[in-house]
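Protein chains: 2
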Amino acid sequence: MITQASIQIIDNANMVHELDTLFKPKSIAIIGASSKELSIGNVVIKNLIHYNYTGKIYPINLKESEIRGIKAYPTIFDVPEDIDLAHVIIPSKFVPQIIEDCGKKGIKSVIINSAGFSEMGEEGIALQEAFLAKAKEYGVRIFGPNCQGIINANPEYNAYCDFTFTFPKPGSISIVALSGGVGAFIMQSLFDLDIGMRMYASNGNACDISISEVLKYYGEDEGTKAIILYTEGFRNPREFIEAAKLVAKKKPILAMKSGRTEEGAQAAASHTGSLAGVDIATELIFEKTGILSFNNEEDMCQAAMAFSTQPIPKGNRVGIITNTGGPAVIATDELVSVGLQLPPLSQKAINILKETQLPEATIGNPIDVVATGGGIHFRSALDVLMNEENIDSIFINFVTAPFTDTDEVARNIVEVNRLKRKPIICNFMTNLSIDRFQTTAKILKDGGVPCYSFPTTAAKALGALYKFQKVQTRNIGEPKKFTDIDSSLSLPKGNGTFLPSSDVFKILSAYGILVADWRIAKNTDEAILYANEIGFPVVIKAEASSLVHKSDLGGVAINIKNAGEVKLAVDRMKLKFKNEELKFLVQKFLPGGKELIVGVTAQKELEPLIMFGLGGIYVEVLKDVIFKLSPVTELEAEEMLSSIKASKLLDGVRGQSGVNKKSIIEIIQRISQLVNDFPQIKEMDLNPIMAFEDKTIVVDARIKI
Amino acid sequence: MITQASIQIIDNANMVHELDTLFKPKSIAIIGASSKELSIGNVVIKNLIHYNYTGKIYPINLKESEIRGIKAYPTIFDVPEDIDLAHVIIPSKFVPQIIEDCGKKGIKSVIINSAGFSEMGEEGIALQEAFLAKAKEYGVRIFGPNCQGIINANPEYNAYCDFTFTFPKPGSISIVALSGGVGAFIMQSLFDLDIGMRMYASNGNACDISISEVLKYYGEDEGTKAIILYTEGFRNPREFIEAAKLVAKKKPILAMKSGRTEEGAQAAASHTGSLAGVDIATELIFEKTGILSFNNEEDMCQAAMAFSTQPIPKGNRVGIITNTGGPAVIATDELVSVGLQLPPLSQKAINILKETQLPEATIGNPIDVVATGGGIHFRSALDVLMNEENIDSIFINFVTAPFTDTDEVARNIVEVNRLKRKPIICNFMTNLSIDRFQTTAKILKDGGVPCYSFPTTAAKALGALYKFQKVQTRNIGEPKKFTDIDSSLSLPKGNGTFLPSSDVFKILSAYGILVADWRIAKNTDEAILYANEIGFPVVIKAEASSLVHKSDLGGVAINIKNAGEVKLAVDRMKLKFKNEELKFLVQKFLPGGKELIVGVTAQKELEPLIMFGLGGIYVEVLKDVIFKLSPVTELEAEEMLSSIKASKLLDGVRGQSGVNKKSIIEIIQRISQLVNDFPQIKEMDLNPIMAFEDKTIVVDARIKI
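Going down the list, the sequences are from chains V and X. Counting with my numbering, you get residues 230 to 934 for the letters of the first sequence. Counting with my numbering, you get residues 230 to 934 for the letters of the second sequence.
Looking at chain V on its own, in the form it has when it is part of the complex:
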């Protein structure tokens, strides 16, 4: 019976995607094909042949009649059939004309390997714009320029449209990388680890087809099980967020962004040209969209090995089986560090193990089957852990002790691994130059057991599987839309200035945020009047558009207790600032709360970042702050409170009372709504906000528009 679901799958499989001519070309023209060995125009053809490309190759060369044994044509117009994809490997100045030709010929996708465009200054930018205009006119999609190309390792295509030198076997990991150099060594690393690859894309200047578009394409590709992504920044971060949100929960995206130090970012700028948009926000984008972020490319590749064969664990509870002590200690350290737990075994499990293990074995978690333990001992431990309800994943340390039948151990691991019920990760310690152990390794490898050479590396890989489980189950929810906002509020256009305090407080009040009671006084008498209205003690702050860091300049007087002190403070400020427009902000003084900060930083091409942390002088001293990309949901705001280092302070310590966390969480969300409503806000600091047991009140704030 054909069900609705199966129809959909069939439809999906037959659906033609715009990028199919790029990733699944039935025919490829190489414009700039060359008979010169080691030239890119020759290497690309050589690679297609070497990789057994299943489609047709059309070398385009004005003079040669054949290249590498394949008939060549003077121009694409001389090719008698349709062409899906063209490689362009000619000097940059000829590219606009060639793109027009491709359009006329009906070629849908073009990989421009040639350099000499936006990465080379004005002249190059003009050329890039010229060929892009032609591409738009004719509906040609451009991959590159200044790029490597793509690879599709699916045997149906074997499309090696690239000049690199690694020939991966087919698999389920797809790679997209901004840098060809990094993409290539990631591909090589998978190859060295004997992990198959699905697709590869390295798009250089990325003037048309973006990383985001490739990411979505991989997301829709049924053969792609996990994705590796490398970038140094995003030209269009919003587009990326959209794409990542679609894909990241369905398939693990393992990503690395370099240029995380100032020096690294400089090095990045020097080779990719200016990448507009985000820098520090990239990690926040990864977090928000559920991308697994790595800052070590080797860890990323090693984790990919686990994703390529293992199921995702249901939780963070791991059982360890080991036949050697020290490596289990190292593994335990790392497993715990990445958030996994080692629950004790059930009495039932202990009873079974006591009957089945050697007398020297240690029954517990880890289970030490000892070096003399054989296949049956590993098997009973594996079976026990597979049946333990409290265990979500299995970590194995397997050293090939010379006095055991290691093949038998491997066969038992493989049999249990085939069930695919819980992920199994194996730290396999052996000497592969010994034939006997090569056999053991092959049994594990063929049985789909991911094998690592170090306990820490293996533990990190299991940590990555668990992290993806958290990504899949984490639901940040939708940002709350507060409806008690004063909708009459309007803000002037951004002009790079700070708003007067009175405006700032009005804006906060309009958004339902508590502000310490305040008035603006023009003179001493008004200041005394207002102080009485507000109730002592008060704070007095000098107000003039030129004053920003008031407290550093002596423009703030705190804890004013009576009219006499008001007069003194006002007189002193008058004397100090001698400013015609000087006014005086009289505000309720609120000592004894915990000083916190909520801040906002606008981002080019991206939503503003919201910051929360310890306020007052501790902002600078401790930098104990957390950023999130807005809009911030309630769950995210809660996470901000619990992730600062001083989060204990909010709960109250040593007799001190805690704060009203709910009110802080609400302020963060209201600020998030405010800055999303008014994109002209460039910068905002509520510092400090005073958090009390019952409520939280803003006592100082500034807004730059």
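Calculated from the structure, these hints are not laboratory results. Hints may be right or wrong, so weigh each one.
For identical chains, the list gives no copy identity; a pair is met inside one copy or between any two copies.
The calculated PhoX-like cross-link candidates involving lysine-lysine, where the alpha carbons are at most 20 Å apart (straight line), are [to be verified]:
1. K796 to K812
2. K817 to K796
3. K480 to K699
With chain V's structure known, arrange chain X on it following the hints.
Relative to the frame of chain V, chain X by itself:
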């Protein structure tokens, strides 16, 4: 001319060391030799033969006349010649007798592979003590029991006294590991990286010959260039510190201590038995003695590769040469993260590079010679960096672009590397399954260039070389001996109690530490009298031996401004505590300083730890504290101040004044002297000490003896 120095070296080389019979045995008896394949008593003989052991092998077996083709003897007494070393592979209960036999035969070193001793409870402990007594009586040194053994890869010996399966080629790295499993995979990892090994030792229960003793032996071995050490704790940390101090500045010691999480420590306890002594102090021991600490065993092995061939850089300034963009960005990030700097190139260097590099090259630091750059381009960049005064080391990213003569590039790198003037680390990105690139790799390998597969891994290795340079040049100096101490001070024996405040303050004063002026009052009148003497405002604290956490219990009244308030406070405390022996500590109230903490924790078998950090409630909330192992020198005390996260606070921020750091540094040193003078001090907290611009004063303190 034979100088004094050269005589010493000759003497040293000929000197006979007690452990020579263990590491350089001329003859080995295998007591428990077996003809059974895969048994340890057979594998050890097989390994000795396979590794071409240069000495004589004497299998000892009551029944067999030969084992693996070698004449066997019923007992060691039947062996006609002297024996240097014996392997003991017999049931534990026979071991005491065999050790006595060994003693009688004049065997100086014994490796006990057999298990069944201290790791197996009381009976085992008794057996271990029994054979140890015999060993002492006859002057036999014991390695093990429950251990693997040793390996000496020096071709003069080829002594493979171990049952493992990795056969390293000779080299300059020596390994000592508590866990045989970890030792074995470290050895295997060096083998996989094609790094030679010098010596190997894994001593299991370590009942006699300790890791410390082996470490000293490696330190004196001229062929050992660097040492890898793995442990899960120390039985005798003082002995280890002595050994490490002797060796760590001469030769890099790369070390890893596992069991750093609670769960990991538990796992360690379950397989090594209880290791008395330190746990959290291990990192501090490593720091104090100059050991390079790793928490990732792969990083440690990769770093060893750099140490095995490269000189130590003179400083932290690195020049990068790359022929691909992205990997240079990744490398830059990591290099900067581990403390290296990328200085700009001199004008002279830039001029040379402009003349010698391709037009597409990026001239700067990194120098991007681009993928089409060949041998001459790499060479000119290398020569320039070798001659730059501001560059201490060279990092190379070398991808084997198919369109360049990669052998020529490799040859140029090797020629410059042979100079050994500055360390060269190479991230070599290639496909070793391609013959052409295998040749390139061999050129680099034979030329002693350490090659890595990932930029981050390579950068970490260079970071380790730099770290050793810091170790070699760091001189913490000797602990200062303050002579203005009141030498009449005495302390009772430790009894697990807290000293009364009056005693605590007297002790601090005796050690020249400023304490806020104080008196002990018996009643209200005395309290008022003393408050007047001290000067208001004061603090009043309830004093009785039963009161420890006074402030939590309402036993502290601060900011008392006059006699009336004194009376009120005293009356309230009387009512609250209803304690016959209740007294009242009247002390100067000192608001406005920065609250800091200095603390002490005693360690079993080791000097106490000194702690410094943010005081008051921030101790618990932020845990912004630094520990050092006492005695703490002036430099170390300075490091403590500069390494807390809030160190900026001490310098003063946003108009706030800084503190008198010198006075804090002195307090730390005086406390260090105090606890070294009085080992009965179990615990001490000066919390808070109030730091002002001019001085630092202790306002509260407790001491447990």
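Evaluation of the provided hints:
| no. | hint | verdict |
| --- | --- | --- |
| 1 | K796 to K812 | within (13 Å within a copy, 46 Å between copies) |
| 2 | K817 to K796 | within (16 Å within a copy, 33 Å between copies) |
| 3 | K480 to K699 | within (13 Å within a copy, 45 Å between copies) |
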